[in-house]
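Trainee: Next come the chains, spelled out residue by residue.
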Amino acid sequence: MTSVSRMLRRGIPSFTVAMALSFTGAAAFSTAPTTEVVPVVRGEAVVALPAAEFGHELEAKIVLERDERDSIAIGAGAELRLSVKNRFDAEARVTYAVEFVDEFGFEVDRPAMSDVFVVPARDSAPVEIELPPALEEGFYLARITVAARSGDESADDMIEQGLGVVDGEALLLTDEEWLEWSNANGGF
Amino acid sequence: MKTRTKEAVRALLLGALAFFTLSTAAEAASGVVRGRLRFYQNQGNYCPSSRTCTAARYRQADYNINSPVRDVKVYLVAEGGGVLGQGTTNANGDYQISWYKFTWWGGSPGRARIEWYGEHRDGRFALKTSAGGRWVFWTPYSTLTDGTTASNRQNLGTRTWGSSSSPNALANLYDGAVRMWRDALNSSNRMRNSFTGVEIRAYDGTTCPTSCANGANKRIIIDSSTSAYRPQARVMHEMGHIASYLSKARRACVDYTFGGNNGWSMTSQEWACAGFEEAIATFFGDRAIYWQASPQPTSCLSSGVCPNSSNVETSTGSGSCAAGEARQPITAVRYLRDLYDSVDETNDGNRFGYSRFFDALARFDNGSGNRAADEPWNWWGTSLDDRDGRSARDFRAHIEGLTGSSTSSNYTNNCSPTGD
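Quick mapping for you: the protein sequence lines, in order, are chains D and Y.
Just so you know, we're using this note's numbering here: the first sequence kicks off at 9 and counts up by one.
Just so you know, we're using this note's numbering here: the second sequence kicks off at 10 and counts up by one.
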C-alpha cells in the first residue's frame with residue numbers, strides 16, 4: 009500500500025486555509041476601549057479590519073489563481089485549470105512556464121513554456137496545464153510561473169500545486185497537505 | 010544453621026542477586042552527533058551582478074545555491090518518539106548535539122533523526138502552520154553510535170532541503186526571517202529587548218490575501234508559498250510592521266482607500282498615515298538587504314530582481330515632483346532612506362543609525378493629538394478622524410527631536426511626503 013493510500017485511508021484531516029483565527033481586534037489591545045472596525049476595500053471585497061492589523065500589502069500586478077476543484081481524474085485530457093489575472097491598467101503580454109516534479113524533487117516531465125499571449129487590462133485568461141501522462145500513485149508538485157509585461161512595468165507570480173495521485177485520481181492538495189503528507193519536508 | 014533456615018537464606022541471597030542483576034540491565038547510552046543543515050536558496054530580491062552591490066547583504070552569488078539553515082533549534086529524535094538531545098545551528102548551518110538514552114543491557118541506542126521546526130535559536134520568531142501548529146523538517150534515520158564524545162563526534166552528514174528543480178518554500182521563508190533578524194532588527198537594542206516570540210504563520214491567503222501582521226499579537230501571516238520567495242515585500246516587510254508596533258504600540262491605519270484605489274503599491278496615492286506605515290515597514294525590511302553604503306537599494310514585490318525603477322535612493326527632487334507624488338509610499342521610503350544612508354551626502358546631510366528610527370517611533374506620545382501615536386483616530390479610538398495624521402511629517406518632528414538635526418533638506422529633496 010503506497011504512502012498516499014495509507015494517508016487517505018487513515019482519514020488524515022485536510023489542513024484547510026479557511027479557518028477561524030483568533031487574533032481579531034478584541035484580542036489586540038488589552039487596555040484600549042472597544043474599537044469600531046472600519047470597512048475598507050481590500051482587493052475586490054469590502055472587509056472590516058481590526059484596528060491592530062497591518063495589512064493590505066502590495067498586490068502583484070499579475071496573479072495566478074488556483075484550480076478550485078478538489079481532484080482531477082487521471083487520464084487523457086487531464087489538466088489543471090488555472091487562470092491568470094491582469095491587474096495592470098493596460099493590456100499585458102503574458103507567458104508562463106510549467107514544471108512537474110515528484111516529492112523528492114525529480115522531474116517527471118520536461119519543463120514547458122507557453123507562447124506569449126495578451127490579457128486585456130483588468131481582465132483574466134484561462135491557463136490550462138496538461139498533467140503528465142500515466143502518473144503513478146504518489147505525490148507530485150506542479151510549479152507554474154507566470155511573467156507579464158505591460159508598458160514599462162513587469163510582474164511575476166507563481167503557484168505550487170501539490171498533487172496526491174491515488175486510485176486514478178489526482179487530489180489537489182493545499183500547501184500544508186503537500187508538506188505534511190509528502191516527503192517534501194525531508195532533508196536528504 | 011538448620012536446613013530450612015539455610016534454604017531461606019539461600020533463597021534470599023538468590024533473590025537479591027536476581028534483583029541487582031535486573032536493576033543493572035538498563036543502561037544509559039550516550040554520545041555526541043554533529044552535522045550540517047542546508048536548503049536550496051530561491052528567494053528573490055538579491056542585488057544583481059549588473060548593479061553596484063556595495064553594502065548589499067544578499068547578492069546574486071548567494072542565489073540558487075545550497076545555503077545554510079542558520080540559527081535554528083535542532084532536535085535529535087529517536088525512532089518511535091522521544092527527544093534525545095537538542096542543539097542549534099550556527100551561521101554555517103552546523104550543529105552539535107549531546108544525547109543520552111536508556112537502553113537494556115547490551116542493547117544498542119537504536120536509530121534517530123534530526124528534526125527542526127523553524128524555531129529561531131534565541132526565540133525571536135518561529136514558523137507555524139496556519140492553525141498555529143508545528144512544521145516539521147526531518148532527515149532520514151541514522152543508527153546512533155554509543156560512546157562518541159565531543160572530541161570524537163558521530164557525523165550525521167549534510168542534509169539539504171529542496172533542490173534546483175524543487176525548492177522548499179518554507180525553508181526559504183525561514184531564511185528570509187533569519188536574514189531580517191540578523192542583518193536588520195538585531196542592530197536595535199530596542200528590538201533585542203522586545204522582538205521575541207513572534208509567530209510567522211504559513212500559509213493563509215484567505216485571512217490575509219497578501220500577508221499581514223498583527224503587532225499586539227506578534228503574529229505574521231504569510232499568504233502563500235509564492236510569498237516565501239519574495240522576502241522584501243513579504244516576511245521582511247511584515248517583520249518591519251511588528252518592529253514598528255513594538256517601538257510604539259498604536260492602532261493601525263486601516264484606511265487604504267484614498268482616491269478610490271484598493272490596497273496600496275509603492276506608487277499609489279494613500280492617506281498619509283497608511284503611506285507612512287507602509288513606508289516605515291518597507292524601510293525596516295529593506296535594510297536586511299541594503300545597508301548604509303548601498304548606492305542602488307531597490308525595493309519591490311518580486312521573486313526575482315527588483316527593477317531599476319524601484320530604486321529608493323533616487324529621488325525626483327524638489328521642484329520636479331509629479332502630481333500626487335507626495336502621497337506615494339515610495340516618497341516616504343526615500344525620505345527615510347536618505348536619513349539613514351551614506352550615499353549622496355551633498356544633498357542628504359544626515360546619516361542616522363538604523364536603531365535611531367525605532368527610537369524615534371518610541372517618541373510618539375500616547376493619545377490622539379498631533380504628533381501622537383493614535384493621531385488618525387478620535388479620542389475614544391472608535392473611528393478615524395485624521396487620516397493624514399501619524400505621517401512622515403510627524404516622524405520627521407520626532408527624529409529631529411531625537412537627533413537634534415534638521416532633516417528639512419532630506420524632506421524637501423524627496424518631494425515632501427504628505428502629512429499634517
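Hints in this document: simulated from the structure, not taken from any laboratory.
Hints may contain errors.
Said to hold, decoys possible - Straight-line alpha carbon distances no greater than 30 angstroms define the calculated DSBU-like cross-link-like pairs of lysine-lysine that follow:
(1) K137(Y) / K227(Y)
(2) K227(Y) / K257(Y)
(3) K137(Y) / K82(Y)
(4) K257(Y) / K137(Y)
(5) K82(Y) / K69(D)
(6) K69(D) / K227(Y)
Trainee: Hint by hint, say whether it matches the structure.
Mentor: Outcome of the hint check:
1. K137(Y) / K227(Y): 13 angstroms, holds
2. K227(Y) / K257(Y): Holds, at roughly 13 angstroms.
3. K137(Y) / K82(Y): OK: K137(Y) and K82(Y) at ~14 angstroms, within 30 angstroms.
4. K257(Y) / K137(Y): 25 angstroms, holds
5. K82(Y) / K69(D): Violated, because 37 angstroms separates the two Cα atoms, which is more than 30 angstroms.
6. K69(D) / K227(Y): 29 angstroms, holds
When held up to the earlier numbered hints, the structure conflicts with hint 5 and nothing else.
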